[in-house]
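Chains as they are written, first to last, in this note's numbering: chain U, 4 to 309; chain V, 475 to 799.
Please keep in mind that the hints were generated in silico from the structure rather than gathered at the bench. Wrong hints could be hidden among the right ones.
[Claimed, not checked] Covered by chain U, per the in silico footprint, the following chain V stretches (three or more residues, Cβ under 8 Å):
#1 585-597
#2 772-778
[Unchecked claim] For each label pair, taking beta carbons as the anchor points, the in silico distance ranges come out as:
#3 733(V) <-> 4(U): 34 to 40 Å
#4 733(V) <-> 11(U): 35 to 41 Å
#5 301(U) <-> 592(V): 19 to 25 Å
[As the list claims (entries may be wrong)] A short, non-exhaustive set of chain U residues, derived as facing chain V with CB atoms under 8 Å:
#6 299
#7 301
#8 302
Note that the coordinates shown come from a computational prediction; the quantities given were computed from them, not determined experimentally. Glycine included, each C-beta is placed from N, C-alpha and C at the ideal position.
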Amino acid sequence: MTKFILRRLLSFIPVFFIIVTMLFFLIRIAPGGPFQGGERAVPPEVLEKLRETYNLNAPLYRQYVDYLVDLAQGDLGPSMYQPSRTVTEWVQLRFPVSLELGFYALLVAMTLGFLAGITAALRPNTITDYVPMSFAMVGICIPNFVLGPVLVLIFALKLGWLPVAGWADPLDKVLPSLTLGTAYAAYVARLARGGMFEVLAQDFIRTARAKGLSETRVILRHALRGGVQPVIAFLGPAAAGLLTGSFVVEQIFQVPGLGKQFVDAAFNRDYTMLMGAVLVYAVLILCFNLVVDVIQAWLDPRVRYG
Amino acid sequence: MPLLKVDDLRTYFHTREGVVRAVDGVSFQVEPGETLGIVGESGSGKSVTNLTLMGLVPMPPGRVESGTARFNGVDLLRCSRAEHRAIRGKRISMIFQDPMTALNPYMRVGRQIVEPLLIHERCSGKEARERAVRALETVGIQDAPRRLLDYPHQFSGGMRQRVMIAMALITRPQLLIADEPTTALDVTVQAQILELIKQIQSEMGMAVILVTHDLGVIAEVCDRVLVMYAGRIVEAATTRKLFQRPGHPYTRALMASLPAARKKGEALYSIKGMPPDLTQPINGCPFAPRCEVAVPRCQSAAIALREFREGHETACIREQEGELP
Ligand SMILES: Nc1ncnc2c1ncn2[C@@H]1O[C@H](COP(=O)(O)OP(=O)(O)OP(=O)(O)O)[C@@H](O)[C@H]1O
Ligand SMILES: [Mg+2]
Numbered sequence: 004m005t006k007f008i009l010r011r012l013l014s015f016i017p018v019f020f021i022i023v024t025m026l027f028f029l030i031r032i033a034p035g036g037p038f039q040g041g042e043r044a045v046p047p048e049v050l051e052k053l054r055e056t057y058n059l060n061a062p063l064y065r066q067y068v069d070y071l072v073d074l075a076q077g078d079l080g081p082s083m084y085q086p087s088r089t090v091t092e093w094v095q096l097r098f099p100v101s102l103e104l105g106f107y108a109l110l111v112a113m114t115l116g117f118l119a120g121i122t123a124a125l126r127p128n129t130i131t132d133y134v135p136m137s138f139a140m141v142g143i144c145i146p147n148f149v150l151g152p153v154l155v156l157i158f159a160l161k162l163g164w165l166p167v168a169g170w171a172d173p174l175d176k177v178l179p180s181l182t183l184g185t186a187y188a189a190y191v192a193r194l195a196r197g198g199m200f201e202v203l204a205q206d207f208i209r210t211a212r213a214k215g216l217s218e219t220r221v222i223l224r225h226a227l228r229g230g231v232q233p234v235i236a237f238l239g240p241a242a243a244g245l246l247t248g249s250f251v252v253e254q255i256f257q258v259p260g261l262g263k264q265f266v267d268a269a270f271n272r273d274y275t276m277l278m279g280a281v282l283v284y285a286v287l288i289l290c291f292n293l294v295v296d297v298i299q300a301w302l303d304p305r306v307r308y309g
Numbered sequence: 475m476p477l478l479k480v481d482d483l484r485t486y487f488h489t490r491e492g493v494v495r496a497v498d499g500v501s502f503q504v505e506p507g508e509t510l511g512i513v514g515e516s517g518s519g520k521s522v523t524n525l526t527l528m529g530l531v532p533m534p535p536g537r538v539e540s541g542t543a544r545f546n547g548v549d550l551l552r553c554s555r556a557e558h559r560a561i562r563g564k565r566i567s568m569i570f571q572d573p574m575t576a577l578n579p580y581m582r583v584g585r586q587i588v589e590p591l592l593i594h595e596r597c598s599g600k601e602a603r604e605r606a607v608r609a610l611e612t613v614g615i616q617d618a619p620r621r622l623l624d625y626p627h628q629f630s631g632g633m634r635q636r637v638m639i640a641m642a643l644i645t646r647p648q649l650l651i652a653d654e655p656t657t658a659l660d661v662t663v664q665a666q667i668l669e670l671i672k673q674i675q676s677e678m679g680m681a682v683i684l685v686t687h688d689l690g691v692i693a694e695v696c697d698r699v700l701v702m703y704a705g706r707i708v709e710a711a712t713t714r715k716l717f718q719r720p721g722h723p724y725t726r727a728l729m730a731s732l733p734a735a736r737k738k739g740e741a742l743y744s745i746k747g748m749p750p751d752l753t754q755p756i757n758g759c760p761f762a763p764r765c766e767v768a769v770p771r772c773q774s775a776a777i778a779l780r781e782f783r784e785g786h787e788t789a790c791i792r793e794q795e796g797e798l799p
C-alpha cells in the first residue's frame, strides 16, 4: 500500500511539470496582456516600466525558465493586477475560504445524495423511489447560476431567514453551500441508487438474507460497501468540481474565495495569479484522485490484493 | 411426524408478460434426517419452491397464492418476518448453485461464517471464532484459523462451496436446502462436495433437500425423489423404486437422456419439444404435448398425484390406470 502511494506521488512530478508548461504558454498565447484593460490607458513609458518589472520583456523561454526556478522555491511571483500581495499570499488568503465552501458543499452532497439514493434503491419503482429521484433529476438540470438566485429570492428576500450574500458568520454560509452542493447531491443520489440497486440484486445478498439477517443488517453490513463504490469513484471528480466550479457560486454570493480570485485574474490577464490558481487546482485534483484510489483499494479487497 | 410438510404451494410471478405460474400446487413432506431429491428440467420451479420456503422470493413480482408449509408446527408461509428470520439460517439453511457469487466479496470469510452464530445464538466473538475454525475443519479446509482471515476471491470454486457449507451448517440446522450445490463445479470437485454433504448429514442427522437436474446425483445420495415439471410434482417415489421402474413418461425421458443410458456411438437422447409457457393455463397433463405415449384423454382429464404402487406416486393417468407396461 505504501509503495502504491509512493509510486503515485512520484508520477505526479511529470504530470505537474506538463501542466505547468502547457499553462504557461497557453496563457501567453491568449490575446491581450496584463496592464491593458482598465478604464484609463496606461502611458507607454509606464507600460514599458511595468513589463520590465514583471520580466515580460525577456524572451519567452527565459521567462519560462525563470518561472520554473521561482516555482521550485515555492514562489508563484507577484500578482500583476493586485500587487499589494504576492500570488502565494493571495492563495493563502483566499484558498481556505474555497476549501471551506467546498467542504460544506461536499457534506451537503453526500448527506442528501446518500439518503435519497439509498431510500430509492430499497424500494425500486415505488413512491419512495420516484420522489427522491425526481428531485435529483431536477437538481441536475438546474444550473447553479439559476438555483443560487432562486434560493436567495426565497430564503433571503421573501422569508428573510438567511443573508443575501457574504461570508462572515455561519448563516452566510448556508445558501452558498446548499447551492453548490445540490447539483452534486443529485449525482450522488443517482450513483448511490444505481450502486445499491446492483448490489442488492447480487447472489451474496440472497445468501445474507438466507442466514436470517435483518434487512437493516443486510444493507449496512453487506450491501453498503459495494453499493457506495460508484459514489467513491465519483468523489475525486466531484471534489475537484466543487472547488473549481465554486467560482460561479462565489460570484453570486460574493464569497471571497479562490474561485472569484481566479475569474478576476482571467479577466485582468493577471498571468501570475491565473497560473497560481490553476496550479493549486491541479495539485488538488491529483491529490483527490489519489485519495479516492486509496479509499477504493481499502473498500475492495480484490483491488487491494490484486 | 414430518419435519416439513408442504401443502398445495403456489407461487406466481406477476410480470408484464403475464402471470408466471412458477410453482402451481406442490405438496410434499420431508422426514427428519432424510435426503429428498428434487429433479426436473430448467424452469420447472425447483428453485422457486425452495426460495418460497425460505421467504427469499422477490416480492413483487412474486406472490405466494396459496398453500401451507409446516415446519416444526410453524407455517413458514404465514409466520411473521421476524419469526421467519429466526428460523432461516438457524433451523433451515440454504446453499446455492454458484459459490463464486454467493459469498460477499468485501468481507472476510471468517466474519461471514460466524454471522449466523452472532445473530441466532448470541455467541461471544471468541466462541464463534472457535466454532468457525471447527466448521472449516469439518468441511476439509486446511489451515483453518488463518483462512478465516481470507477473502472469498482467495478461494477456488470448490473451496468456496465448502465455505458455504460450513456457514450453512454452523448452527446445526435441522434442514439443509442445497440448490444445485455442484452444478457450477467441475466433475471431480462435484463428487467431493456431494460426499461431504452426505458425510456431514449422517454425522449431524439433519434432513436435506437436494435440488439437481442430474439423476446420477439423485441415485447416489437421495432417499426419496420428487420429479418436477412445469411447476408441479409429476412423480414422487423412493429412489430405489424410481430407478427400478419410473412411474411417469417424463421421468423415463429424463433417464433416457442420461449420458450413461446411451450406447456407444449413439446420439444423446433429448426430449422433443419445449416445456410449456407458464403464463398460459394448462389443461390436463402439462407433459402431454411432448409425451410419446399420450392419448387424447391426457389433454383434458383432471391430473393429480396418486399412489399407483406402494411408496410410489405419479401424476400420469395412464400409469395410474395401469395402461403402461
Ligand atoms: N423473479 C422472477 N420473476 C419472474 N419469473 C421468475 C422469477 N424467478 C423465477 N421465475 C420463473 O419461474 C419459473 C421457475 O423457475 P425456477 O428458478 O424455479 O426453475 P428451476 O427449476 O430452479 O430451473 P433451473 O434448473 O434452471 O435452476 C421459470 O419459468 C422462471 O422464469
Ligand atoms: Mg434453479
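Hint by hint, here is what the structure shows:
1. 585-597: holds (count 4)
2. 772-778: violated (count 0)
3. 733(V) <-> 4(U): 34 to 40 Å: Given range 34 to 40 Å: violated, Cβ gap about 50 Å.
4. 733(V) <-> 11(U): 35 to 41 Å: Violated: the Cβ-Cβ distance is about 54 Å, outside 35 to 41 Å.
5. 301(U) <-> 592(V): 19 to 25 Å: With Cβ atoms ~24 Å apart, the hint holds.
6. 299: The hint is violated - residue 299(U) has no Cβ within 8 Å of chain V, the shortest such distance being about 12 Å.
7. 301: violated, 11 Å
8. 302: Residue 302(U) check passes; min Cβ-Cβ to chain V is 7 Å, inside 8 Å.
This entry does not satisfy hints 2, 3, 4, 6 and 7, going by the numbered hints stated previously.
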